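> Make a model of the complete structure from these sequences and hints.
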Amino acid sequence: MKQALHTLRVRTTGQDLYDITQPIGGWAGQQGIDTGLLTIWCRHTSASLIVQENADPDVRADLLDFFRRVVPEGSQYRHAVEGPDDMPAHIKAALTQSSLSIPLQHGAPLLGAWQAVYLFEHRTEPQMRSICLHVIGF
Amino acid sequence: MKQALHTLRVRTTGQDLYDITQPIGGWAGQQGIDTGLLTIWCRHTSASLIVQENADPDVRADLLDFFRRVVPEGSQYRHAVEGPDDMPAHIKAALTQSSLSIPLQHGAPLLGAWQAVYLFEHRTEPQMRSICLHVIGF
Amino acid sequence: MKQALHTLRVRTTGQDLYDITQPIGGWAGQQGIDTGLLTIWCRHTSASLIVQENADPDVRADLLDFFRRVVPEGSQYRHAVEGPDDMPAHIKAALTQSSLSIPLQHGAPLLGAWQAVYLFEHRTEPQMRSICLHVIGF
Chain P
849 MKQALHTLRV RTTGQDLYDI TQPIGGWAGQ QGIDTGLLTI WCRHTSASLI
899 VQENADPDVR ADLLDFFRRV VPEGSQYRHA VEGPDDMPAH IKAALTQSSL
949 SIPLQHGAPL LGAWQAVYLF EHRTEPQMRS ICLHVIGF
Chain D
849 MKQALHTLRV RTTGQDLYDI TQPIGGWAGQ QGIDTGLLTI WCRHTSASLI
899 VQENADPDVR ADLLDFFRRV VPEGSQYRHA VEGPDDMPAH IKAALTQSSL
949 SIPLQHGAPL LGAWQAVYLF EHRTEPQMRS ICLHVIGF
Chain A
849 MKQALHTLRV RTTGQDLYDI TQPIGGWAGQ QGIDTGLLTI WCRHTSASLI
899 VQENADPDVR ADLLDFFRRV VPEGSQYRHA VEGPDDMPAH IKAALTQSSL
949 SIPLQHGAPL LGAWQAVYLF EHRTEPQMRS ICLHVIGF
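Residue numbers (this note's numbering), protein chains in the order written: chain P, 849 to 986; chain D, 849 to 986; chain A, 849 to 986.
Watch out, some of these pointers could steer you wrong.
When the alpha-carbon atoms are kept at most 30 Å apart in a straight line, the in silico DSSO-like pairs for lysine-lysine are as follows [to be verified]: (1) A/850 with P/850; (2) A/850 with D/850; (3) D/850 with P/850.
Examples of chain P residues toward chain D, derived with CB under 7 Å [to be verified]: (4) 900; (5) 909; (6) 910; (7) 948; (8) 960.
None of these hints come from the bench; they were simulated from the model. Computed from a predicted structure; not experimentally measured. For every residue, glycine included, the Cβ atom is placed at its ideal position computed from N, Cα and C.
Structure representation (structure tokens):
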């Protein structure tokens, strides 16, 4: 049984979904583990993880629209000192996921045919994000 | 330390919650692992995982109503080529969970008294869904 | 490779976020594991897990407001026998998380600078909640 730990850094430039499927799968495939469990942890409270279709870019645009409609910016929040996008960012992060755990087979995450893993950035200004990766197996 | 990997196939017939607690627990209990970690991964972006009360069927009906109200079908989506239920399906999947990790004791997932694990199907047409199961422990 | 299992009990007194970062990290740090994976499982369907900013209490108040607005109490639910807060509780639990998996380094969960792990209580009356903790690594 082996394990490995890594931090992936992702530069973001505004509210969007950033595809991290390739760097995650690439790192996992280099750890000498055939079968196991890959865990992805987002170390932020204004960015999160989301698994979505990677085929049609319209899906990403519709997702952004939905979250902006349900969690609008505005004057309704007490927490406003970090900007109008900060409290909506915390809520959007709460509605999506902080961690994902994906089984590995033949060294690759068992994603479905249309699945991609995205970092979901909820802030407007550019950010440097840290994503922890852990794999265990043999 | 041992591990095992399995794919569970679930046939769905419309938007509903499908109880997968028994096949998941049954498979986990056959792996010769007393204490460990069970991970469930849904390989789709228009179906997801949800943990809910298994006692009153009204809970499932109210959940379906809620998600249909907050994520309505309609003409507001760019992504429409796969049918009016497809983009709402992606959003509902984003709002629920792609993976669940449940500790095992005495070979059984440590679910609470009222907890059941459901596959949450968001599409209208019948589907065959794949759920990956991974267990590690001893 | 080692593992350990523990149940954390948390007394709640109404709808709020209860910071469980310290007892979780404290227990994990005592298991003699340097690098590994910590999993947190909430054994309830009317309470859940959420990762949020621990700096400004206004964030917690805004989160509670948001979930009460999107999932209001009222007469719209079939499932009403357990009180007006019960069905909204199930929906709020569905929108947040049942499990979290956090990599460990130097015996500590790799939380970001502003991250705290909260038990999100959705019921009005006092409750005793059970949170399962599992750690694996070496």
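> If a hint holds in the structure, say so; if it does not, say that too.
Hint check:
{"no.": "1", "hint": "A/850 with P/850", "in the structure": "12 Å, holds"}
{"no.": "2", "hint": "A/850 with D/850", "in the structure": "12 Å, holds"}
{"no.": "3", "hint": "D/850 with P/850", "in the structure": "12 Å, holds"}
{"no.": "4", "hint": "900", "in the structure": "5 Å, holds"}
{"no.": "5", "hint": "909", "in the structure": "6 Å, holds"}
{"no.": "6", "hint": "910", "in the structure": "5 Å, holds"}
{"no.": "7", "hint": "948", "in the structure": "5 Å, holds"}
{"no.": "8", "hint": "960", "in the structure": "3 Å, holds"}
Checked against the numbered hints given earlier, this structure breaks none of them.
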